[in-house]
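Asks: Here the protein sequences come in this chain order: A and B. Oh and the first sequence: position 79 is 79 in our numbering, straight run, nothing missing. Oh and the second sequence: position 314 is 557 in our numbering, straight run, nothing missing.
Just so you know, the hints here were simulated from the structure itself, not pulled from any lab data. Be aware that one or more of the hints could be misleading.
Said to hold, decoys possible - Label pairs and their calculated CB-CB ranges: (1) H277/B to E137/A: 41 to 47 Å; (2) I37/A to K279/B: 26 to 32 Å; (3) I37/A to E394/B: 14 to 20 Å; (4) G138/A to L263/B: 44 to 50 Å; (5) V460/B to G136/A: 26 to 32 Å; (6) T324/B to L230/A: 36 to 42 Å; (7) N213/A to E394/B: 21 to 27 Å; (8) Y52/A to E298/B: 45 to 51 Å; (9) L117/A to F392/B: 42 to 48 Å; (10) D276/B to L193/A: 26 to 32 Å; (11) D435/B to N213/A: 48 to 54 Å; (12) S335/B to D68/A: 18 to 24 Å.
As the list claims (entries may be wrong) - Selected chain B positions facing chain A (Cβ under 10 Å, derived; list incomplete): (13) I250; (14) K252; (15) F272; (16) S311; (17) S327; (18) I338; (19) N342; (20) L347; (21) N417; (22) F467; (23) T469; (24) G538.
Unchecked claim - Taking lysine to aspartate or glutamate and the EDC-like style, the derived pairs with C-alpha atoms no more than 16 Å apart in a straight line are: (25) K309/B to E133/A; (26) K25/A to E298/B; (27) K182/A to E298/B; (28) K76/A to E482/B; (29) K96/A to D68/A.
In this text the structure is predicted, and so the values were computed from the model without any measurement. Even glycine gets a Cβ: it sits at the ideal position worked out from N, Cα and C.
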Amino acid sequence: MQKEVIKQTTKPPFSLLKATRKTHKWLMLFLGVQFVIWSVTGAYMVFFNIDYIHGDTLVKNQQVSLVDANVNFSIKALLRQYPLAKKIELSSFLTKPVYRFKVGEDNVLLDANSGRLLSPITKIDAVAVAQQEYTGEGDIVSISLITENPPFELRASVLPAWRINFDDFAEPTLYVSATSGKIVGKRHEFWRLFDWIFRFHVMDYQDSEVDNNLLFTFSFFGLLAGLSGLILLYFRLSNKRAQ
Amino acid sequence: MTAIKKIHKWASLIVGLQVLIWLGSGFYFNLMDHTKAKGTQYRISNVQPVNIEIERLIEPEALLKKQSEQSKNDQNKSTITIVSITLSQLLSQPIYVINQNRALYPHFLNEYTLVDAYSGKEVIIDAEKAEKLASASYKGPGEVINVSFLENGNDDFPKEQNATWRVNYDDELNTSIYIEVGSGRLVGHSNDDKRFADFFFMLHFMDYGMEGNFNSVQIILFAFITLWLTLTGFIWTIELALNGQYQFTLFSKNRAVKLLNKKQQPLGEVILNAHTNLLDGLTENNINIPSVCGGGGTCGSCRILLSPAAPINQAEREKLSVSQLKKGYRLSCQQFLAGNKTITLVN
């Protein structure tokens with residue numbers, strides 16, 4: 001029998017189905033892992049209430065009233081002693097009425113009854129502030145004073161600060177400013193994880209910015225991959241109906 | 244694998260459009276002008292501090308005393324707390340901001356009373372004051388069109404829980420400035436640039452109720468289904484890779500193979516690429532094998548007959564019967580040239 005080679009005479013017609021299947025298959029080979037990362041990190045961020053993530057449940061935010069408190073040191077005396085004082089606030093520190101204000105970049109804490117300088121606060125007072133505000137039951141496991149090189153979770157502008165770690169679920173930490181005596185940071189493992197999760201979500205592995213080139217490339221091709229997926233879905237559903 | 248593919252299909256049917264919206268809005272966040280999106284084009288950043296005449300100041304202690312007296316004389320014995328008194332300024336007027344209820348953040352519900360720091364007289368932020376405060380923070384070319392009172396929340400700053408005054412300007416960006424009623428605090432500037440970006444955030448967070456967060460029921464549900472979509476897709480991709488479906492056609496060799504019809508009669512030869520699946524390879528040679536799914540291994544209609552020794556994968560196990568497999572029936576979209584010398588077309 002005669003052998004005959006079937007020759008390609010015309011190009012096969014363009015098939016949208018085949019083209020989209022190839023596009024989806026090949027794009028997802030490179031983007032698939034990032035789609036999983038996007039959905040897992042996105043799910044984490046939406047599943048946990050953002051106020052919980054921000055540690056709002058870690059502190060009582062006690063309202064200590066100043067009415068009937070002894071405030072014998074006058075604001076006039078304060079301004080004469082510290083002419084550069086800014087943002088002067090009469091509030092409370094533990095149970096005492098105090099003046100808090102700024103001189104340049106520095107916080108100053110004064111006893112509002114005696115005018116005595118309280119800043120920087122002692123370790124004992126820092127612990128007392130943390131215990132007064134902390135909502136949990138756990139004991140304190142460690143106390144340290146941070147004066148430089150703050151961890152990622154603490155803004156450098158609030159230094160120096162006492163770091164107080166509690167022995168509770170999700171390893172809560174309260175940061176108490178050593179100069180103002182205020183709570184300046186509250187963290188637990190879910191927030192610490194959230195920070196990383198966010199960076200993975202926006203594909204930022206350097207400085208927490210959304211406008212990086214990596215995200216540009218992945219979201220651009222991701223759009224193509226997603227669109228091709230939707231076209232495939234259309235084919236799959238319409239064929240089902242035809243059969 | 245059938246279950247995996249089914250889940251992938253149904254999950255994409257439910258969340259597919261939203262996934263595209265997530266990708267599109269995410270792409271927009273990557274490209275957008277972040278300075279414009281803040282809405283602060285016409286905002287003056289630093290306020291001129293007033294010179295305080297120390298001798299004219301009334302003492303915060305006097306304010307506490309006054310409150311203490313009032314509480315004592317009050318028939319209802321209602322106690323009012325004062326959490327803090329802050330020396331501040333309203334335009335050029337020194338004031339004390341008395342905070343009766345201090346929330347964790349300024350945008351959470353707070354309670355304030357303002358008094359003149361010289362006279363002790365109460366200061367109310369009315370529409371006129373709000374307009375002056377707003378204009379003191381504004382450097383744009385517009386004039387004030389109107390001032391309106393918003394009891395709770397506003398669309399430009401959905402997180403703000405306190406009552407605000409909204410001051411609208413007639414500049415080209417439709418700037419709106421928000422002033423907190425209780426404290427006179429500048430909540431922020433908004434304009435059409437910010438609103439445009441906020442629209443995309445609203446879409447990305449599925450925050451249709453403008454709650455100012457991304458914890459709504461609808462997004463939790465969609466995120467949950469999307470997890471199923473991506474994880475099944477991931478497994479599917481691995482399955483394709485294990486089946487050798489990812490092969491580059493470049494650098495691969497072409498070889499001729501004999502074609503037979505149903506009755507095992509020769510039809511001739513075609514030249515196929517070793518790295519192209521048989522369905523695609525035959526289609527390129529104008530030999531049309533029926534396929535509904537386009538090579539996904541989900542419809543089972545692209546059957547061909549190879550030798551019984553040809554490898555069998557999961558898709559073929561699901562779409563072909565045991566006896567068919569034993570005879571050498573396979574799905575052309577799942578097979579490659581490999582060692583095959585003849586291909587029998589059955590349809």
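Asks: For every hint, state whether the structure bears it out.
Replies: Going through the hints against the structure:
no.	hint	result
1	H277/B to E137/A: 41 to 47 Å	43 Å, holds
2	I37/A to K279/B: 26 to 32 Å	29 Å, holds
3	I37/A to E394/B: 14 to 20 Å	42 Å, violated
4	G138/A to L263/B: 44 to 50 Å	46 Å, holds
5	V460/B to G136/A: 26 to 32 Å	29 Å, holds
6	T324/B to L230/A: 36 to 42 Å	57 Å, violated
7	N213/A to E394/B: 21 to 27 Å	45 Å, violated
8	Y52/A to E298/B: 45 to 51 Å	49 Å, holds
9	L117/A to F392/B: 42 to 48 Å	44 Å, holds
10	D276/B to L193/A: 26 to 32 Å	31 Å, holds
11	D435/B to N213/A: 48 to 54 Å	28 Å, violated
12	S335/B to D68/A: 18 to 24 Å	33 Å, violated
13	I250	13 Å, violated
14	K252	6 Å, holds
15	F272	5 Å, holds
16	S311	5 Å, holds
17	S327	4 Å, holds
18	I338	12 Å, violated
19	N342	8 Å, holds
20	L347	5 Å, holds
21	N417	25 Å, violated
22	F467	7 Å, holds
23	T469	5 Å, holds
24	G538	6 Å, holds
25	K309/B to E133/A	29 Å, violated
26	K25/A to E298/B	78 Å, violated
27	K182/A to E298/B	30 Å, violated
28	K76/A to E482/B	78 Å, violated
29	K96/A to D68/A	12 Å, holds
In summary, the structure is inconsistent with hints 3, 6, 7, 11, 12, 13, 18, 21, 25, 26, 27, 28 from the numbered list given earlier, while agreeing with the others.
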